[in-house]
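Chemist: Chain residues, written in single-letter form:
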Amino acid sequence: MERAQQSTQNMLKYAILIALCLVIMGPVVTAVLGSIRTTGEFVSTPFGLPESGIRWENYQSILESPSFWNSLKNSLIITIGVTLLNITLASMLAFVFSRVEFRGRTFLFNVLLLGLLFPLVIAILPIFIQVRQLNLINSLWGVILPLVAFGLPSSVVILRSFFIAIPSELEDAAYIDGCTPFGFFRYILLPLARPALLAVATLQVIASWNEYFLPLIVLVEDDLWPLPLGVMQFQGQYGTDYARVMAYVTLLIIPAVLFYLMAEKYIVTGLTGGELKG
Amino acid sequence: MSALRFRVLPSAYERAAMDKQTREWNKWLLVALFTLPGMTLFVLFVLMPIAQSAYFSLYDWNGFGPPTDFIGLGNYDRLLHHSVFQQSVGHTFIIMTLSLLIQLPLALALALLVGRGKLHGRRVFRAILFIPYIFSEVITAIIWRYVLSPDDGALLNSVLGVFIPNYEPVGWLADRSIVLYALFAVLTWKYFGFHMILYMAGLQGISPDLEDAARVDGATEPQVLRHVTLPLLGSTIRLTVFLSVVGSFQQFVLAWVLTNEGGPANASQLLATYLYKFGIQLFNLGYGSAIALVLFTITLIFSVIYQRFVMRRDYSNNLGQAKGGTN
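If you read the sequences in order, they're chains A and B.
Per the numbering used here, residue 1 is the first one in the first sequence, and the count goes up by one each step.
Per the numbering used here, residue 1 is the first one in the second sequence, and the count goes up by one each step.
So here's chain B without its partners, still in its complex pose (with noise of 0.2 Å):
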């Protein structure tokens, strides 16, 4: 601390001397000089480009040269009668249902295991199942790939021919009626243990002793459960089901590489893949803008309106954790 003083004193009588106005001035100064950068390559990287999306969203253009073929909301018409991208909400709203109605009950399940009581390995059980959350997503989808294989020494089939007689291989990617939920199971793989450090953050931040309090009065555990643990949970919830259903907008790597690009037959096309393909992939630049600024509508409407109703009860840094967790 000591250092500090020196370094910093000098300036005393600069600033002892300077009037009101030469201080607003450094003020403004200071803000300039902090804030520019930062909201320059912000303004740059993520405000222009949505705005000019929905420009470019009203002309048929494929990317070369200036847009010049107005059609007005023809775009948008095309895309909502496109029976691909009709198919591509509808998966979406699947991974969605599946992730709030499966993945998450799983890791709250998983952080009541893990996360309180005494547990000897708590912190290796906890490692090994978070850890799948920080792998890159591609290396998920090449291992799990050689996984679901359709041969009959690739890892799924073999176990499950050990336990099961007369076992026919499956091709799990393969089947049009399957690849959905098979790509969930790797999403829940990668994702669940992001939820359970959630959950567990929010288990610490309640005493025990209002669970006991509960015990004393004569509460079973599943009472104690569902009338005291669970609603003093209740921000956290809230923030990981916003998470998931935002989350599930926005899952491409996974998809595409797993999938073989939505495949097959686009049985596991997703709102993101299908931009990537129909928009990017086939140079539809005006086409992929118009699907672009649906999904910001979809995901702006449903933010306005769950932080509104559903958490504007819970802290507003929330969100900041949001974005940091699934992205």
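Extracted from the complex, chain A is given alone in its bound form (with noise of 0.2 Å):
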């Protein structure tokens, strides 16, 4: 009777889920078929495979344009510099706040956990202004230095909690056996490190390479556009040309379904502050 129940109760618990991710999955499965159909059959009707033969010349256009591979390479620059700028910067001044003593710490590592309560999103006027108060408009630094500044707060409070855990006495020992606060810094620390350096990577990666306010305001001129930035134009030109900008659209969704599957665990920690498992 009660394992009568309790399969009931499964059944029920499958098709919630299975009936919720049909509705998550749908638009996304969409998208990629219509980019293998004509944009006659996709408007038709929505769902189907594609009658006349796979479509690939909807990729064929975009492979072929110098702008598509323009943008990839804006969106590789601005998504690596951040990312790198980001964990190391981040790491000197999570190491510097939760190792050294020195005077004005707090004060210091308080002024930064100001930067949580300004998302870019809100600060970008003023943002805009100082960054044409340095001549960074229409430059791929315009967008990478306010990114990482405004990346900086979280990263370093994931790094120092992660810091602090780490025992004294690895410290004390080091120093004993002569290592200088950089040797200990660069060679124990780092490497003990390397999930949660590795998670916040993760987070920045994602947020930069996905980054479409600051790039709309700061690069004017198209040919330093990156992707998300490249997409709307292509959009904005082929724009009932459904079949073809779905073929752009599925171009994007890959890499971040792929990237999603090799750094799901790194994701999940730095989201959760490393509590998740499994």
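A hint or two may mislead.
[To be verified] The following label-pair restraints were derived from C-beta to C-beta distances:
{"id": "1", "chain 1": "A", "residue 1": "53", "chain 2": "B", "residue 2": "116", "range": "43 to 49 Å"}
{"id": "2", "chain 1": "B", "residue 1": "40", "chain 2": "A", "residue 2": "166", "range": "24 to 30 Å"}
{"id": "3", "chain 1": "B", "residue 1": "72", "chain 2": "A", "residue 2": "133", "range": "21 to 27 Å"}
{"id": "4", "chain 1": "A", "residue 1": "63", "chain 2": "B", "residue 2": "153", "range": "26 to 32 Å"}
{"id": "5", "chain 1": "B", "residue 1": "72", "chain 2": "A", "residue 2": "255", "range": "35 to 41 Å"}
{"id": "6", "chain 1": "A", "residue 1": "63", "chain 2": "B", "residue 2": "121", "range": "32 to 38 Å"}
{"id": "7", "chain 1": "A", "residue 1": "239", "chain 2": "B", "residue 2": "163", "range": "50 to 56 Å"}
{"id": "8", "chain 1": "A", "residue 1": "57", "chain 2": "B", "residue 2": "306", "range": "40 to 46 Å"}
{"id": "9", "chain 1": "A", "residue 1": "19", "chain 2": "B", "residue 2": "100", "range": "21 to 27 Å"}
{"id": "10", "chain 1": "A", "residue 1": "63", "chain 2": "B", "residue 2": "265", "range": "22 to 28 Å"}
{"id": "11", "chain 1": "B", "residue 1": "32", "chain 2": "A", "residue 2": "191", "range": "40 to 46 Å"}
{"id": "12", "chain 1": "B", "residue 1": "121", "chain 2": "A", "residue 2": "47", "range": "44 to 50 Å"}
{"id": "13", "chain 1": "A", "residue 1": "19", "chain 2": "B", "residue 2": "265", "range": "34 to 40 Å"}
{"id": "14", "chain 1": "A", "residue 1": "11", "chain 2": "B", "residue 2": "260", "range": "39 to 45 Å"}
Simulated from the structure, these hints should not be mistaken for laboratory data.
Computed from a predicted model, the values in this text were never measured in an experiment.
Heads up, the beta-carbon is just placed ideally off N, CA and C, and yes, glycines get one too.
Take the two lone chains and join them into the complex the hints point to.
Modeler: As structure tokens, then:
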């Protein structure tokens, strides 16, 4: 009796979950399928397989256009630049805030924490004015540096709590063995903190790869635009040619999904502060 | 480890010879070298702009040349009386309320479903439910613009057409009374997975023994949930509420692209889209600075009050995850 009840319960669970997964994946699957059909097919029946053979032409036209590759290059420069600068500067700050005693440490750390209250979106106008004053309009640095600065507080908080958890006996032992503070940081702390560094890095990769607002106001010339701006421009040009737009969208979905599958562990660790396993 | 020792050993003698003052001096050198690059960038691009916007907000300034036309609190006065701004506040408040009442409970329910017990394919479910979170907002908006388009061949209309007899296609994004709810649905699609992940992490920290003990004492499943599980999940719930509220002040890209700049006729204008449209696009930089400052103040007051009175019992580093999550 109880077992029967439990299995009905399980069936219900699966039914709910599968229904929800369909709702979640429906739009994505339609987009991906649409990208290999003709726009005519796509508009008349949203769900369906290509009837007149797979339309690779939708992809071909994008992959042959120099502006796609140019946007990809810009996106890679921004993403790699932001991520490397962010984890370098954040781990240095987190080290000092967790392991070196000095006057004014708490004050400095609190100043940095203030940044958590001001998200980039809300601060966009002041940033724009500042970027302009520094003559960084129309330069990728004008996107990279503010993104690094706004990412610093959260990265430092995550890394600092990880650094604090590393036992101080290890530090004492290193110093007794003649290690300098920099040596301890470089050869002991950083290798031990690899999982935390990767977690911070994956969050930065996602944020900077997806960033749309800052490049929108900083980069005026379209040969500097990263992919989120590129796809908007493409959509503006081929708005009614749904199939082609969906091909572009699919080209951006695939790396996102692959990245998720590769980095799932670190993304989840980063978001939940290392609490969620399995 | 042995390679490590070789690398660090030579400095042992040097350090032993150092007197206290040199060590103190070296410490400050280290602090300076390690904090200056990061803090400079932070001050330059976070603190200074925000401080400057307080100054610019007192001027009628179109951004060309230095601000000269001092108007005191004129921008704030204009802002508070602008009907579109008032609407934007209202819309943001609706999105926030719906998030708290629908999105968070949904995420919690799914976390309870997926996060515990023996469920086959748990990781697959989790991945599918979570993955919209890592898609860029632009991609999300483009896909959903098609899903919600008024054509009868568009995804949502044609699916509803199958289930509802004599169905008339709806312009989900073109109807002023629907567009905000359509936007909320898309926001939920994209963000509930993030809250679900946070709840799942919180649930893992709860020992099943506590719940079993309640069951042994005769508690029913709803009672266990109400009196054991949810209270133990308190710190996570408080965190997600915080993120959800602050997150609704920050919605820009999805609202902007999905609804075509907050349309139709400002029916889906949110605070951040209002700032962009009336501050930056129209080059009213003084006015825009005033909007930005109002947004800062709202966020700051809410954060301080919430942190002080609601989250004070929780870990202080929660805030860090916060930012990593919603931005």
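Chemist: Evaluate each hint against the coordinates.
Modeler: Each hint, compared with the structure:
1. A/53 - B/116: 43 to 49 Å: holds, 47 Å
2. B/40 - A/166: 24 to 30 Å: Given range 24 to 30 Å: holds, Cβ gap about 27 Å.
3. B/72 - A/133: 21 to 27 Å: Between residue 72 of chain B and residue 133 of chain A, where Cβ atoms are some 24 Å apart, the hint holds.
4. A/63 - B/153: 26 to 32 Å: holds, 28 Å
5. B/72 - A/255: 35 to 41 Å: violated, 51 Å
6. A/63 - B/121: 32 to 38 Å: Because 35 Å falls inside the window, the suggested range holds.
7. A/239 - B/163: 50 to 56 Å: Check failed, 29 Å falls outside 50 to 56 Å.
8. A/57 - B/306: 40 to 46 Å: violated, 53 Å
9. A/19 - B/100: 21 to 27 Å: With a Cβ separation near 24 Å, residue 19 of chain A and residue 100 of chain B satisfy 21 to 27 Å, so the hint holds.
10. A/63 - B/265: 22 to 28 Å: violated, 40 Å
11. B/32 - A/191: 40 to 46 Å: violated, 25 Å
12. B/121 - A/47: 44 to 50 Å: violated, 23 Å
13. A/19 - B/265: 34 to 40 Å: This hint holds: roughly 35 Å between Cβ atoms.
14. A/11 - B/260: 39 to 45 Å: holds, 43 Å
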